[in-house]
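Peer 1: Residues per chain are reported as follows:
2 protein chains.
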Amino acid sequence: MPRASVLAIGNEVVQGRVLNTNAQYLGRRLTLLGYDVVLSASVPDRMELIVEILRIATDRFSSDLIVTTGGLGPTYDDITSEALSKYLGEEHVVNEEALEMVRQKYVARGLGLTPERIKMAMMPKSAKPIPNPIGTAPGILVKKGNKLFVSLPGVPSEMQAIWEQSIEPMLRNASQVRISEVTITVKGVMESVAARIVNKIVKEKPKIYVKTQPKGIELGSPVLDIYI
Amino acid sequence: MPRASVLAIGNEVVQGRVLNTNAQYLGRRLTLLGYDVVLSASVPDRMELIVEILRIATDRFSSDLIVTTGGLGPTYDDITSEALSKYLGEEHVVNEEALEMVRQKYVARGLGLTPERIKMAMMPKSAKPIPNPIGTAPGILVKKGNKLFVSLPGVPSEMQAIWEQSIEPMLRNASQVRISEVTITVKGVMESVAARIVNKIVKEKPKIYVKTQPKGIELGSPVLDIYI
Numbered sequence: 001m002p003r004a005s006v007l008a009i010g011n012e013v014v015q016g017r018v019l020n021t022n023a024q025y026l027g028r029r030l031t032l033l034g035y036d037v038v039l040s041a042s043v044p045d046r047m048e049l050i051v052e053i054l055r056i057a058t059d060r061f062s063s064d065l066i067v068t069t070g071g072l073g074p075t076y077d078d079i080t081s082e083a084l085s086k087y088l089g090e091e092h093v094v095n096e097e098a099l100e101m102v103r104q105k106y107v108a109r110g111l112g113l114t115p116e117r118i119k120m121a122m123m124p125k126s127a128k129p130i131p132n133p134i135g136t137a138p139g140i141l142v143k144k145g146n147k148l149f150v151s152l153p154g155v156p157s158e159m160q161a162i163w164e165q166s167i168e169p170m171l172r173n174a175s176q177v178r179i180s181e182v183t184i185t186v187k188g189v190m191e192s193v194a195a196r197i198v199n200k201i202v203k204e205k206p207k208i209y210v211k212t213q214p215k216g217i218e219l220g221s222p223v224l225d226i227y228i
Numbered sequence: 001m002p003r004a005s006v007l008a009i010g011n012e013v014v015q016g017r018v019l020n021t022n023a024q025y026l027g028r029r030l031t032l033l034g035y036d037v038v039l040s041a042s043v044p045d046r047m048e049l050i051v052e053i054l055r056i057a058t059d060r061f062s063s064d065l066i067v068t069t070g071g072l073g074p075t076y077d078d079i080t081s082e083a084l085s086k087y088l089g090e091e092h093v094v095n096e097e098a099l100e101m102v103r104q105k106y107v108a109r110g111l112g113l114t115p116e117r118i119k120m121a122m123m124p125k126s127a128k129p130i131p132n133p134i135g136t137a138p139g140i141l142v143k144k145g146n147k148l149f150v151s152l153p154g155v156p157s158e159m160q161a162i163w164e165q166s167i168e169p170m171l172r173n174a175s176q177v178r179i180s181e182v183t184i185t186v187k188g189v190m191e192s193v194a195a196r197i198v199n200k201i202v203k204e205k206p207k208i209y210v211k212t213q214p215k216g217i218e219l220g221s222p223v224l225d226i227y228i
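Line by line, the protein sequences are chains A and B. FYI, the working numbering numbers position 160 of the first sequence as 160, with every residue one higher than the one before it. FYI, the working numbering numbers position 187 of the second sequence as 187, with every residue one higher than the one before it.
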C-alpha cells in the first residue's frame, strides 16, 4: 500500500481554536482510496516547523503522498507554499497560470491585483496550480521523484471542492485497491471481555482488521462499536 | 515558553473514523497554560510509528511536555504504554499501584482480573499511574530528565476527567504565564484587504499575535474572524 501523510498548517489548529475536520475528511478519503495513512500532523505557521514536518513525513514516515491544508491565503503568516519551496530546494516564484486564476477571480468583481493577492499565485518553480472552484487561492501540486505533494487551502469547503474536483479523480485512476468495512454496535459487553474474542479473530485472520471502540462506560452501561 | 506536543494514537483517528476532538481540547488547554504547542500529531496503532513520533516530538520538536491520547485500553492494539516503555528504554512492568486501581474498579462490580484487565496496569518501570475517575485504564506519568510524558485514554470524557483532576492542576502550579485573547468578527471586508492592515500591526507590535480567519466567501460575502 502506498503511504500518505496529512499535514495541517496553522496556529489555530495546534492551539485548538478550530477543530481539525480537514484531517478527518482527508484521512477517510485517503484510506478508502487504498492509502496507508501513517501520519496526520499539525504544526504552527512557522517556517522551520513546517519545513521540519514536511521532512519528517517524507523521510521518517516514508510517505509517497503528502497532503497539506492551510497557509495558502494572503496574510503574512500564510507561508505553506514558501515552506514547500524551501523544503524542495526550489525557487519560490509567481506561477503565471496561478496568477491568471487569481486575477480572473478578482477581475470578475471589478478588483485588481495587490501584493497580497499576487502572493497567492507564488509556488515552487516546478508546481502545477490546481483550480479552486469556490475560493481564490489555487491548490498546489508538485511531483518530486516518486513523491507527490499536494497543498490545499485550510477553509474546509475550498479544500473539499479542490479535492473532489481535481485530486481524488487523479489518485483514483492510479489505485487498484478495494476496501470493505462495516461497524457493529454491541450493548452490554465490556471491552475487556470482547478483547479476548477480538484477539483470537485477528490472530487467525491477519488480513482482517478489527477494532473495538468503547462508546459507553466499561463498568455500568458498556456500548462498543466494533469496526471490521 | 515551554514547548508541548500532543500525540493521538489510533487507526480510527488517522483514518478519519473519529474526529480528533482530544487534540483540540488539549491544544487549547496547553496554550492557555502558557505552552507553545509545536506539534499535534496522530499515528496508527503500530509500534514503530508510535515510537518514532515520540522520538520526533522529543528530539526534533524539542518538546518539554509530551501528551499522548489513546491506546491504553485492554485490546491487542492498545500499545501506547508499551511503546512509551520501548521509547524510554525502560522495562514494561505491572505497576502495583495501577493494578490496585484497576482491580478496585472491577471488584466494585463483582468482577475479577483477567490478562486483558491486568494489561491496563502495565507501564514503564519509572511511571506513576494517574487515577481515572470515570473509566478503568489509569493515566501514565513519566518524568525523564527535564521532559514530562503524560499518557491519557482516548475516550474524550475519561481523557478530560484525568486532565482536569490531576494534570492541569499540576502544570498550572509550575506556570507563570498569563495569556489574553479576543476574537472580532468583521463582515464585508475581504481577507486580502485586511491583510495589509494586519501586516502593519504585526510589524509594529511583535508581542501581539493577530490572525484573520475567513468564514464567508472572499468574493461576494466576506466574513472575517480576527483573533488577537
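Possibly wrong hints are sitting among the right ones.
The list makes no distinction among identical chains, and a pair is therefore deemed to hold if it is satisfied within one copy or across any two copies.
[Stated by the list, open to error] Calculated lysine-lysine pairs in the DSS-like style (CA-CA distance at most 30 Å, straight line): (1) LYS205 / LYS105; (2) LYS207 / LYS86; (3) LYS203 / LYS125; (4) LYS200 / LYS86.
By construction, these hints were calculated from the structure, which means they are not laboratory data. The structure presented is a predicted model; accordingly, all values stated were derived computationally and were not measured.
Peer 1: Decide, hint by hint, whether the structure agrees.
Peer 2: Quick rundown of the hints versus the structure:
1. LYS205 / LYS105: neither (53 Å within a copy, 33 Å between copies)
2. LYS207 / LYS86: For LYS207 and LYS86, only the inter-copy Cα distance (26 Å) is at most 30 Å; the intra-copy one is 40 Å.
3. LYS203 / LYS125: between (49 Å within a copy, 29 Å between copies)
4. LYS200 / LYS86: between (49 Å within a copy, 25 Å between copies)
Comparing the model with each numbered hint stated earlier shows that hint 1 is the single one that does not hold.
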